[in-house]
Amino acid sequence: KAGVTQTPRYLIKTRGQQVTLSCSPISGHRSVSWYQQTPGQGLQFLFEYFSETQRNKGNFPGRFSGRQFSNSRSEMNVSTLELGDSALYLCASSLVAWGPLGDTQYFGPGTRLTVL
Amino acid sequence: GENVEQHPSTLSVQEGDSAVIKCTYSDSASNYFPWYKQELGKRPQLIIDIRSNVGEKKDQRIAVTLNKTAKHFSLHITETQPEDSAVYFCAAHSPGTYKYIFGTGTRLKVLA
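Top to bottom, those sequences are chains A and B.
Take 1 as the starting number for the first sequence in the numbering used here and just add one per residue.
Take 117 as the starting number for the second sequence in the numbering used here and just add one per residue.
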């Protein structure tokens, strides 16, 4: 089974621009989560989608948004980019809708965004 | 709010020695605790996980223990090898939140 894929792998943008990142989950997985990873900050939760619905959102400004399509693929968008948005953006997928004893997430390779 | 503290932030051990990484969580409702290994430039990979209905789990050289009363869980790696060098993240999941809370990571260096 193919793993989680993300495109593009690398992006360079300038301040003020906007960017869209894409994530394709493992076949059959319906939950997709997004994380921002920066040195020293670990993995910060952005949002989680299941069946095209956002079920939780982390503490990020409204410039960060996302969506999920009917085939479970997901996109996230960052508008009006700032220097501090430079990071590795990871998505992760899981099979079921967070069962009572948790659910394993599998990560994609990430998109490295550099804002100049 | 929810929080996971992870210690130490860096750990150096001699090859063949054991390594222990500890995490403490704040939400007593947390019930699933995965550990991920992230090598430089690669994605986080699940190496072991534990659910709240068990106290210990082993997989070859790796083990995880959970103390629900103290709200902490630990990763134990025995007979460390150079290829164990990586950043390790712990995480905690609470029912109904649809997210993990991650620790800030431990950079493990295994010295040959």
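For the record, the hints were derived by calculation from the structure and aren't laboratory data.
Every value quoted in this text rests on a predicted model; they were computed, and no experiment measured them.
Hints should not be assumed to be uniformly reliable.
[What the hints assert, rightly or not] Below, a list of computed lysine-lysine pairs in the DSSO-like style, where the Cα atoms sit at most 27 Å apart:
hint	chain 1	residue 1	chain 2	residue 2
1	B	Lys-225	B	Lys-173
2	B	Lys-187	A	Lys-57
3	B	Lys-158	A	Lys-57
4	B	Lys-174	B	Lys-138
5	A	Lys-13	B	Lys-158
6	B	Lys-174	B	Lys-225
7	A	Lys-13	A	Lys-57
8	B	Lys-173	B	Lys-184
9	B	Lys-153	A	Lys-57
10	B	Lys-184	B	Lys-158
11	B	Lys-174	B	Lys-153
12	B	Lys-225	B	Lys-158
Evaluation of the provided hints:
1. B:Lys-225 with B:Lys-173: 24 Å, holds
2. B:Lys-187 with A:Lys-57: 25 Å, holds
3. B:Lys-158 with A:Lys-57: 25 Å, holds
4. B:Lys-174 with B:Lys-138: At roughly 16 Å apart (the allowed maximum being 27 Å), B:Lys-138 and B:Lys-174 satisfy the hint.
5. A:Lys-13 with B:Lys-158: 22 Å, holds
6. B:Lys-174 with B:Lys-225: 22 Å, holds
7. A:Lys-13 with A:Lys-57: 24 Å, holds
8. B:Lys-173 with B:Lys-184: At roughly 14 Å apart (the allowed maximum being 27 Å), B:Lys-184 and B:Lys-173 satisfy the hint.
9. B:Lys-153 with A:Lys-57: OK: B:Lys-153 and A:Lys-57 at ~25 Å, within 27 Å.
10. B:Lys-184 with B:Lys-158: 32 Å, violated
11. B:Lys-174 with B:Lys-153: 16 Å, holds
12. B:Lys-225 with B:Lys-158: Given pair B:Lys-225, B:Lys-158 holds - Cα atoms ~17 Å apart, limit 27 Å.
Checked against the numbered hints above, the structure violates only hint 10.
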